[in-house]
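Build the full structure now, drawing on both the sequences and the hints.
Heads up: the sequence shown is residues 127 to 293, going by this note's numbering.
Take these hints with a grain of salt, some might be off.
Unchecked claim - In silico DSS-like pairs for lysine-lysine, Cα to Cα no more than 30 angstroms straight-line: (1) K233 - K156; (2) K206 - K237; (3) K237 - K278; (4) K175 - K191; (5) K191 - K206.
FYI, nobody ran anything at the bench for these hints, they're computed from the structure.
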Amino acid sequence: MLEQHMEEWVERLIFHEGIRLMPYRCTAGKLTIGVGRNLEDNPLSTEEKRALGDYMHGITENGAKMLLRNDITRCYNTLKSGIKAYDKLCEDRQYALLDMCFQLGWKGLKKFRYMLLEIEKGNFEMAAFECLTSAYARQTPHRARRIAQTIKSGTWHFRTPTPTSRN
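Spelled out as structure tokens, the structure:
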């Protein structure tokens, strides 16, 4: 399932995160590159370092997307093993949880106990409510509303614009 949605999910995450080809400090002060790749908590693998070369002086858009695809795969596999109902969810609800896992990390997503419980029960309206009554929703309100609406409806209703690179 992941392979058939990978490029769509890449574009959605670029829409939410932006893309920066030079290393920068994120709002939490962590060294980051590409599409929100936190290099301190999620360091580059040997293969990624080899593919990117001297990443401290910048990477290409293709390099940023390669890292993002690896991050999506990692999040997807974590969600499949960590959430019983994940495989039973429609693709857009799977994406919503993947987006949250990408932004918050697995440990951060697991703190949404009530939201995840409601998803397990198939009560998506209450799960969306739980998503919106969180620090996550206060810190990134537009993104959280899109994700909550996707959880509630099972459909991504938002037009993802063509991303632009930021340096």
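**Asked** Going straight from one Cα to the other, do K237 and K278 come out at no more than 30 angstroms?
**Response** 19 angstroms, holds
**Message:** Next pair to validate is K175 with K191; report whether the Cα-Cα distance is within 30 angstroms.
**Reply:** The given pair, whose Cα atoms are some 14 angstroms apart, holds under the 30 angstroms limit.
**Message:** Holds or violated: K233 and K156, Cα atoms, limit 30 angstroms.
**Reply:** 17 angstroms, holds
**Message:** Run the distance test for K206 versus K237: straight-line Cα separation, threshold 30 angstroms.
**Reply:** 17 angstroms, holds
**Prompt:** Are K191 and K206 close enough, with their CA atoms no more than 30 angstroms apart?
**Reply:** Holds. K191 to K206 sits at ~22 angstroms (cutoff 30 angstroms).
Going down the numbered hints, you'll see the structure goes against none, and every one checks out.
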